[in-house]
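Can you build the whole structure from these sequences, using the hints too?
Take the sequence shown: its position 133, counting from 1, is numbered 133 in the numbering used here, and each next residue is one higher.
Source of the hints: derived by calculation from the structure; they are not laboratory data.
A hint or two may mislead.
As the list claims (entries may be wrong) - Below, in silico cross-link-like pairs of lysine to aspartate or glutamate (DMTMM-like), each with a Cα-Cα straight-line distance of 25 Å or less:
| id | residue 1 | residue 2 |
| --- | --- | --- |
| 1 | 482 | 431 |
| 2 | 502 | 431 |
| 3 | 217 | 255 |
| 4 | 585 | 392 |
| 5 | 231 | 211 |
| 6 | 715 | 3 |
| 7 | 69 | 18 |
| 8 | 46 | 221 |
| 9 | 672 | 610 |
| 10 | 368 | 335 |
| 11 | 124 | 221 |
| 12 | 42 | 364 |
| 13 | 696 | 82 |
| 14 | 315 | 218 |
| 15 | 46 | 100 |
| 16 | 693 | 683 |
| 17 | 69 | 610 |
| 18 | 389 | 349 |
| 19 | 453 | 392 |
| 20 | 124 | 291 |
| 21 | 71 | 191 |
| 22 | 275 | 18 |
| 23 | 39 | 82 |
To be verified - Computed beta-carbon distance windows for the label pairs:
| id | residue 1 | residue 2 | range |
| --- | --- | --- | --- |
| 24 | 684 | 464 | 55 to 61 Å |
| 25 | 451 | 302 | 57 to 63 Å |
| 26 | 403 | 502 | 14 to 20 Å |
| 27 | 244 | 700 | 52 to 58 Å |
| 28 | 81 | 49 | 17 to 23 Å |
| 29 | 681 | 419 | 56 to 62 Å |
| 30 | 388 | 502 | 40 to 46 Å |
| 31 | 305 | 439 | 56 to 62 Å |
| 32 | 150 | 49 | 33 to 39 Å |
| 33 | 684 | 40 | 49 to 55 Å |
| 34 | 322 | 225 | 36 to 42 Å |
The beta-carbon is built from N, C-alpha and C at its ideal position, and this holds for glycine as well.
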Amino acid sequence: MVEKRVFDTLLANTLRSEPSIRIISLIDREGLPISFAIKSRKYKIKPNTLGATMKQAYYPMDNYAKNLKLKKPLVQIYLLEEASVLLINLGVAILSIVFDCYGWPLQPQLFNRLFQRLKPKLEKAYSKEDGLLSKITGEKEEDLMDMISEDNISKILQILQSLSLGEVEQLLVMDSAPAPEIFTNISEKFDAFTVDGKNNILSMNPNYGPEFVACTKETLDIELSGLQSLKAGEVLCGLSYFANGHCIVNGVMGEYNKERIYGFKIFKDWSIGFKKIISPLYAIVNYLVADFASELSMNFIDMVIYYTDSVESLKERINSYVKDKDFTTARRFMERAAILSVRNEKYLEAGDLYKWMGFTLYKEGEAKKAIKIYDLAAKNHEAGKDLEKAGEDYQDIANILMNLKKESEAIQYYNQAEQIFRKAGLSDRADEVQEAKDNLLRPYYEQFKQFIKQSSSETLTIDYFIKKFKLSEELVVLIIKKLIQENEIEGEVDVHKGRYTKRRISTGRMETQAESAPSGVSGTTSINLNYSELRPKLNHIETSLSSMEKKFETMNIPFLKYVEYEKMLDQKQFLEHKRRIIEEKDSFFDAQNNNLRCFICFKPLDMSDDLSECPNGHKAHQSCLSIWIKSQDACPVCDAPFFPYVLRTTFKDVNGSIGTKAQNEALLTEMKQKMAKLSKEVERLQGVNQTLKEMKGDNNDYVDKIMRERELKGKLQKELKRRELTIRELKSMIKLFKQ
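Printed below as a string of structure tokens:
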């Protein structure tokens, strides 16, 4: 059994890979959604409504195939005022996609990847052993599964490829003949069939028989009301593609006697491409525009231009809209031109178009939208290798954010602009941005400096700075490094571990000859502190870490490199502890070489604390050592390994002695009482835990039972629908026989 989440993942990944897709769904033959993904909450539609709508939208194609004997229906397309709908027949299911106009046509590569992953899942989900599809629909299982054969998938991909082929033929035949003569001319000139919104025939070619006329009513009913739940405007055009090569196209042509005029035409070879298929309808609209134009028919003309014009033609139209100060329409065509430029890998052209869009949006007060568009402009200019323009785009975004009083976000874009300019070798432009950025950062420099100096903690996390000053991690690191560079504060920033440490690593040379004592005996010391050997190791690690940190900032490091980096950081920490122990040897050890301070936190050892020691007797706070051994496996004093030894824990009172016998006995009695109470509490909690486990087991069984019953309910509902349909058909037959 294929789980629903498998289909959910496939559809969600497809949705993310194509920005123009609003809704993508997989609908079964009964109109029930198998899976669906919606890009935004603003496209509010319930799953069952979506399933019913898509099943109804698919119906005309099925109707044409049965009545006109056009073999298998493959693809159904609806072009609406604000979006497009694509329905693909996969036999066992219907793949439906609603996408924004600017994404037309969706690229075949997108579907090629999707079909490769979807096909085996559908075959498994609807196998003979697992599926009930043939029983529900009455169709042969083999015929349904054949729809996802390699041959049919190949034809579907060819249809999708044909949507971007050909040129629109300007068949403009302006005629002022009155109706109905003008409709007769349409039938003769364009081999077309026209009806009004009530399915009254206005013109008809002998090529169209009564079966075709009967099918148009179902098509019109759906196009007039069936897709309203998508809230994407009226249907302007519909196209149905079939396996034998036929394509039926229809669209809104104008208005006559207060009724819409619809034109229909059949093509026997859809491989000629969308633009040639749409040309006759485009010509009819122009043919009728003088006397029968309507708002929808003018929208149809606008749609054809939008979908079929080249970038050059679109630019000419954009210029005319700009002259008329119709910036909204101009931006719509600019977006389309930019998309086409990206598809043709003309990134500089796309970048320029996006930049102009961003400029007009900002001038009209749409600052947030302008920032998104400027960002697209920058990315396309970068892809087109024009780094100067990309830097200017980021600089423009920063300036907009400054006007919005969002200084912290502005700094990030100034930073990007500076990096781009320096990469392009434009040092003057980079210095200009750097100066603007420093002016913004200057107040933060002073705030950071005061905060660090006033803080009693030796180590501060980067996250703490981010929350306190509401800046990004990149800016926090930049400010701290700048303060260190200008000697305003001391310390270092560890980007990898996300922290700032006040202590600066000493670079002075120091050699200490330490006394040695027999190792392996508690209370004695074996100190391995040769600084002349330590310094070169530490220098080498610091150099390597610095080099690897730079790589981490600019590229993805493989996992093994990451592990190596972690090990080097741990080794550096170990050697730094050893260095400090050497530097502070006189105050660290007594005359017997016992350490007087914790070798991890360097604070004095209070004999009332819980202490632990390494195998050679070097002591540390128990809490400090429990943290240390998570990343280190040896004592920094003598290099003795902590494992497989068991850490010894010592307990001492303030005076360093056990105390009186009476005190000890009283303490022992008190401890025994506490232990007894704790034992009872542990037993109680264990009982509660066991009860919870049993309840969890019962709950899981109950959930499994509900899921099984829910699945059975779904199957029974489908079976009920099938039987109700059979009953209705039998009643109709009985009624017929009685007549």
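Verification of the hints:
1. A threshold of 25 Å between alpha carbons decides the hint, and for residue 482 with residue 431 the separation of about 16 Å falls inside it, so the pair holds.
2. Note on residue 502 and residue 431: the hinted pairing is violated, with a Cα-Cα distance of about 30 Å set against a maximum of 25 Å.
3. Restraint check for residue 217 and residue 255: satisfied, since their Cα atoms lie roughly 17 Å apart, inside the 25 Å limit.
4. At most 25 Å may separate the alpha-carbon atoms for a hinted pair to count; residue 585 and residue 392 exceed this at roughly 57 Å.
5. Among the hinted pairs, residue 231 with residue 211 is inconsistent with the structure: their alpha-carbon atoms are about 32 Å apart, more than 25 Å.
6. Of the pairs offered as hints, the one joining residue 715 and residue 3 holds, with about 16 Å between alpha carbons and a cut-off of 25 Å not exceeded.
7. The suggested pairing of residue 69 with residue 18 is violated, with an alpha-carbon distance near 36 Å, which exceeds 25 Å.
8. Pair hint residue 46 plus residue 221 holds up; C-alpha atoms about 22 Å apart against a cutoff of 25 Å.
9. For the proposed pair residue 672 and residue 610, the alpha carbon gap of about 20 Å is at most 25 Å, so the pair holds.
10. The suggested pairing of residue 368 with residue 335 holds, with an alpha-carbon distance near 17 Å, which does not exceed 25 Å.
11. Distance hint between residue 124 and residue 221 is unfulfilled; the C-alpha atoms sit about 36 Å from each other, more than 25 Å.
12. Distance hint between residue 42 and residue 364 is fulfilled; the C-alpha atoms sit about 24 Å from each other, no more than 25 Å.
13. With a CA separation close to 50 Å, the supplied pair residue 696 and residue 82 exceeds the 25 Å bound.
14. For the hint pairing residue 315 with residue 218, the CA-to-CA distance comes to about 39 Å; that exceeds 25 Å, so the pair is violated.
15. A hinted pair counts as satisfied when its Cα atoms are at most 25 Å apart, and residue 46 with residue 100 qualifies at roughly 20 Å.
16. Between residue 693 and residue 683 the alpha-carbon distance is near 15 Å, which keeps this suggested pair within the 25 Å criterion.
17. The hinted pair formed by residue 69 and residue 610 fails the criterion: a straight-line CA distance of about 90 Å is larger than 25 Å.
18. For the proposed pair residue 389 and residue 349, the alpha carbon gap of about 12 Å is at most 25 Å, so the pair holds.
19. Restraint check for residue 453 and residue 392: not satisfied, since their Cα atoms lie roughly 38 Å apart, outside the 25 Å limit.
20. Our distance criterion of 25 Å between C-alpha atoms is broken by residue 124 and residue 291, whose separation comes to about 57 Å.
21. Of the pairs offered as hints, the one joining residue 71 and residue 191 holds, with about 23 Å between alpha carbons and a cut-off of 25 Å not exceeded.
22. The suggested pairing of residue 275 with residue 18 holds, with an alpha-carbon distance near 23 Å, which does not exceed 25 Å.
23. Between residue 39 and residue 82 the alpha-carbon distance is near 16 Å, which keeps this suggested pair within the 25 Å criterion.
24. Separated by about 40 Å at the C-beta atoms, residue 684 and residue 464 break the suggested range of 55 to 61 Å.
25. Between residue 451 and residue 302 the CB atoms are about 59 Å apart, so this pair conforms to the stated range of 57 to 63 Å.
26. Under the hint 14 to 20 Å, the C-beta atoms of residue 403 and residue 502, about 38 Å apart, miss the expected range.
27. The hint said 52 to 58 Å for the Cβ distance between residue 244 and residue 700, and at roughly 53 Å that hint holds.
28. A hinted range of 17 to 23 Å for the beta carbons of residue 81 and residue 49 is consistent with their spacing of about 20 Å.
29. The hinted window of 56 to 62 Å between residue 681 and residue 419 holds, with their beta carbons roughly 60 Å apart.
30. In this structure, residue 388 and residue 502 meet the distance hint of 40 to 46 Å, their C-beta atoms being roughly 41 Å apart.
31. Roughly 48 Å separates the CB atoms of residue 305 and residue 439, a value that falls outside the hinted 56 to 62 Å.
32. At about 34 Å, the CB distance of residue 150 to residue 49 agrees with the hint of 33 to 39 Å.
33. Range check, residue 684 to residue 40: about 51 Å between beta-carbon atoms, so the 49 to 55 Å window is met.
34. Look at residue 322 against residue 225: about 38 Å separates their beta carbons, and that is inside 36 to 42 Å.
Of the numbered hints listed earlier, those contradicted by the structure are 2, 4, 5, 7, 11, 13, 14, 17, 19, 20, 24, 26, 31.
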